[in-house]
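Chemist: Let chain A serve as the given structure and place chains B and C on it in line with the hints.
Chains as they are written, first to last, in the working numbering: chain A, 1 to 303; chain B, 1001 to 1303; chain C, 2001 to 2303.
Errors might be hidden in some of the hints.
Claimed, not checked - If you anchor each label on the Cβ, the simulated ranges turn out as follows:
1) C:2014 with B:1277: 22 to 32 Å
2) C:2290 with B:1294: 53 to 63 Å
3) A:163 with C:2037: 48 to 58 Å
4) C:2290 with A:68: 51 to 61 Å
5) C:2037 with A:7: 23 to 33 Å
6) B:1257 with A:292: 42 to 52 Å
7) A:17 with C:2089: 37 to 47 Å
8) A:34 with B:1004: 25 to 35 Å
9) C:2089 with A:231: 28 to 38 Å
10) B:1060 with C:2275: 24 to 34 Å
11) B:1041 with A:68: 29 to 39 Å
12) C:2029 with B:1115: 36 to 46 Å
Bear in mind the hints are in silico, worked out from the structure with no lab data behind them. In this text, a Cβ means the ideal position worked out from N, Cα and C, and glycines have one as well.
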Amino acid sequence: MADTVTSLANGLLQSYVKDGGINHVDGVNLPSKSAIVSITKDLLKLLFPGYFYDQQVQRAELMIETAHLLASVRGRLEDEIYKSLEHFPPENVAPGAFRQEAAQIATDMLGHLPTTREILRTDAEAAYNGDPAALSREEIILAYPFIEAISVQRLSHLLYRRRVPLVPRIMTEWAHSRTGMDLHPGAKIGPYFFIDHGTGAVIGETSDIGERVKMYQGVALIGRSLSGGQALRGKKRHPTIHERVTLYANATVMGGDTVVGARSTIGANVFLTHSIPADSLVVIDDVKVKVSSKLDYKSETPI
Amino acid sequence: MADTVTSLANGLLQSYVKDGGINHVDGVNLPSKSAIVSITKDLLKLLFPGYFYDQQVQRAELMIETAHLLASVRGRLEDEIYKSLEHFPPENVAPGAFRQEAAQIATDMLGHLPTTREILRTDAEAAYNGDPAALSREEIILAYPFIEAISVQRLSHLLYRRRVPLVPRIMTEWAHSRTGMDLHPGAKIGPYFFIDHGTGAVIGETSDIGERVKMYQGVALIGRSLSGGQALRGKKRHPTIHERVTLYANATVMGGDTVVGARSTIGANVFLTHSIPADSLVVIDDVKVKVSSKLDYKSETPI
Amino acid sequence: MADTVTSLANGLLQSYVKDGGINHVDGVNLPSKSAIVSITKDLLKLLFPGYFYDQQVQRAELMIETAHLLASVRGRLEDEIYKSLEHFPPENVAPGAFRQEAAQIATDMLGHLPTTREILRTDAEAAYNGDPAALSREEIILAYPFIEAISVQRLSHLLYRRRVPLVPRIMTEWAHSRTGMDLHPGAKIGPYFFIDHGTGAVIGETSDIGERVKMYQGVALIGRSLSGGQALRGKKRHPTIHERVTLYANATVMGGDTVVGARSTIGANVFLTHSIPADSLVVIDDVKVKVSSKLDYKSETPI
Chain A
1 MADTVTSLAN
11 GLLQSYVKDG
21 GINHVDGVNL
31 PSKSAIVSIT
41 KDLLKLLFPG
51 YFYDQQVQRA
61 ELMIETAHLL
71 ASVRGRLEDE
81 IYKSLEHFPP
91 ENVAPGAFRQ
101 EAAQIATDML
111 GHLPTTREIL
121 RTDAEAAYNG
131 DPAALSREEI
141 ILAYPFIEAI
151 SVQRLSHLLY
161 RRRVPLVPRI
171 MTEWAHSRTG
181 MDLHPGAKIG
191 PYFFIDHGTG
201 AVIGETSDIG
211 ERVKMYQGVA
221 LIGRSLSGGQ
231 ALRGKKRHPT
241 IHERVTLYAN
251 ATVMGGDTVV
261 GARSTIGANV
271 FLTHSIPADS
281 LVVIDDVKVK
291 VSSKLDYKSE
301 TPI
Chain B
1001 MADTVTSLAN
1011 GLLQSYVKDG
1021 GINHVDGVNL
1031 PSKSAIVSIT
1041 KDLLKLLFPG
1051 YFYDQQVQRA
1061 ELMIETAHLL
1071 ASVRGRLEDE
1081 IYKSLEHFPP
1091 ENVAPGAFRQ
1101 EAAQIATDML
1111 GHLPTTREIL
1121 RTDAEAAYNG
1131 DPAALSREEI
1141 ILAYPFIEAI
1151 SVQRLSHLLY
1161 RRRVPLVPRI
1171 MTEWAHSRTG
1181 MDLHPGAKIG
1191 PYFFIDHGTG
1201 AVIGETSDIG
1211 ERVKMYQGVA
1221 LIGRSLSGGQ
1231 ALRGKKRHPT
1241 IHERVTLYAN
1251 ATVMGGDTVV
1261 GARSTIGANV
1271 FLTHSIPADS
1281 LVVIDDVKVK
1291 VSSKLDYKSE
1301 TPI
Chain C
2001 MADTVTSLAN
2011 GLLQSYVKDG
2021 GINHVDGVNL
2031 PSKSAIVSIT
2041 KDLLKLLFPG
2051 YFYDQQVQRA
2061 ELMIETAHLL
2071 ASVRGRLEDE
2081 IYKSLEHFPP
2091 ENVAPGAFRQ
2101 EAAQIATDML
2111 GHLPTTREIL
2121 RTDAEAAYNG
2131 DPAALSREEI
2141 ILAYPFIEAI
2151 SVQRLSHLLY
2161 RRRVPLVPRI
2171 MTEWAHSRTG
2181 MDLHPGAKIG
2191 PYFFIDHGTG
2201 AVIGETSDIG
2211 ERVKMYQGVA
2221 LIGRSLSGGQ
2231 ALRGKKRHPT
2241 IHERVTLYAN
2251 ATVMGGDTVV
2261 GARSTIGANV
2271 FLTHSIPADS
2281 LVVIDDVKVK
2291 VSSKLDYKSE
2301 TPI
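Chain A on its own, in the form it takes in the complex:
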């Protein structure tokens, strides 16, 4: 028995040596996924006090609790940013300055929590106004997966703008796992944003979305898939959506030079690959559904 385990372990260790690149031993410390998830949960508590605590928060205790949580998050966030900078050194930071840079970025990010709250308030407002099934704003913050997804995207975007590697993407992929919405940290998203239902929505890295845009489940803002691959990194590959546009379920808009003009409506299942002017209505042309009676067939026709 012990022999078998030793033999299995030896085989696996040889594989660790042979197939490097998907294991990480003795190298620079990687940021910890579980630490980043824990930090993200605490950031959500700071954004929405009283919603994600199990006990009610009294105003008298709020200052102390908030300061305590902020101090904790700042230290842990600094550590994860530091490990990410070490792992994937940015060009604009001197190697000896990683710790200082990490501390600065963590502090600056927390300093942006109030303005992030201002924008998230507009998102909650858009969700409430856009969904007759919502009974109250509290229901939206407590129950809607969209609020979690957009909050994490807006937080991660703060780190993305400071060119922090790894951490922002780990944050949004955690939210993706919980909400089914794949909102890249790089996307610029205006206020009063709302995705209803949300499962399957994709917003690519270089998307640029104006204010009061509304989407439904399965809407995708994606890049053209040429043979470019990694060569396309950093280029504008995803669409620009102007203000007050509505995109219905499973509509796809593709390409970095595709611009959807203000106040346009994109119908369900539309696949749009070119720019359209403001106030456009885009639907699939000549798609009708054909209704026939099954009773005309002898047996059920498989689709």
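Modeler: Using the frame of chain A, we list chains B and C on its own:
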């Protein structure tokens, strides 16, 4: 360092005061999301004894364990319902009667567990009969996300019918997060229901679904998105689906006056906005796929 | 109060007796879902050392830690396989030999971890080369849900090939819940596989996928839904996809005799039900989007 944290905390506290509505301090107690998730997990254990326990349940112990769990769930459920009634007082209950009403609703809901089990047994049966990949009924209950999604929907519907705010939606959004299926607590869903694969399925609040209906991933029963918003609350906005209808992947049916007649089949990707009679077959008209050879092009044609 | 609980408990216990089949008491031990999830997480740690530990792994400790984890996983995996064999006895194993068979399968599966790592390295490579948003291979392993989904599928496939009931499907449905990708343990999937974004992807049990295939979110390889149901079990019901094929978002390929030839490209939303030769380009015929100006209407036109 301490100064920085104090400054960050002050900024955030000012934001809590300024941007009210997305924080909840000193107000009426909100129901606790984590408590509701814990209650929901215990309700699943009561529905499927022996499946979600880590240890095997002996028949001799089952009475004691069941009574113990029921007593615990009833108390915790009453608390969360009470907080929800306080938060969002219903018209039909006098303010002083919230505690009594909460106790009554919690007891009544638990009294409906046996009939809920009867319906869920038909759903498991429909899943088994409809999916050749299912090896056994046990596999369906242990592994299929659909069983979790429909169980939580049927449980939350019991609370929805009693006009409990917040709690039912928090329950179904928890299941949505875990299964990708967004089944609103308000929907009326007949027995022998099954959604295969399920990710991205949406069933709106006022949907009415007959018995033996089968759906696939991405199917959506949704409301027309007029400019109504909150003004439409409470109106019938989502479709009626009669018995033995099958809806293939990503089919969408829209509108509160849209009725899909019995035994109809709706093809994949169909977008249906009007009623159809019984025994209809609905497919997209004249959609053919065009197959051409890439070898006729000099370079790969991007799509 | 105690009377009410007793009455509720009695009602529920009567329901356990009456509606058997969805409860599991006094019968053969079922495998434990939570134990299988815990085993699966440990298998991911063994596949990607240093990525999913919270602390950094030193090379000196790696042998000891690996051997320790392997021994633990082997014992727990054997137990769950044993319970599954007992529950759903395979034809080819004598009833007295379940324990020995379970031990053998668990050991053999762990012996395949090195070759599984070799294939997963190619998947990570495909993800990196195919996605300009990926900053590094480490980001892919740490953040991309696809790596988790395909790792669990490839692990579960090892058990599926040995005809272990229940355990493999519980593994992939856990990954489905976390990633939105429903990849059946039975599917044969070649190396250099990648699903971008991934939410809503479905790969059916008898799918056969060649190397270097790339998919996007919502792509489904499914069976024809005839009236067969359980009678179709074990038959080839899902498509065959040859090497270097790309399938864009929400494309569906249906049927066990449908073969997509090598190097073909299937456009978004295509619904393909017949075979196509190598080097094909498949798009929806004559689907154009119609762009009109909303300003020509007096009021917004609902879609």
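Chemist: Failing hints, ascending?
Modeler: The structure conflicts with hints 1, 2, 3, 6, 9, 10 and 12, although it agrees with all the remaining ones.
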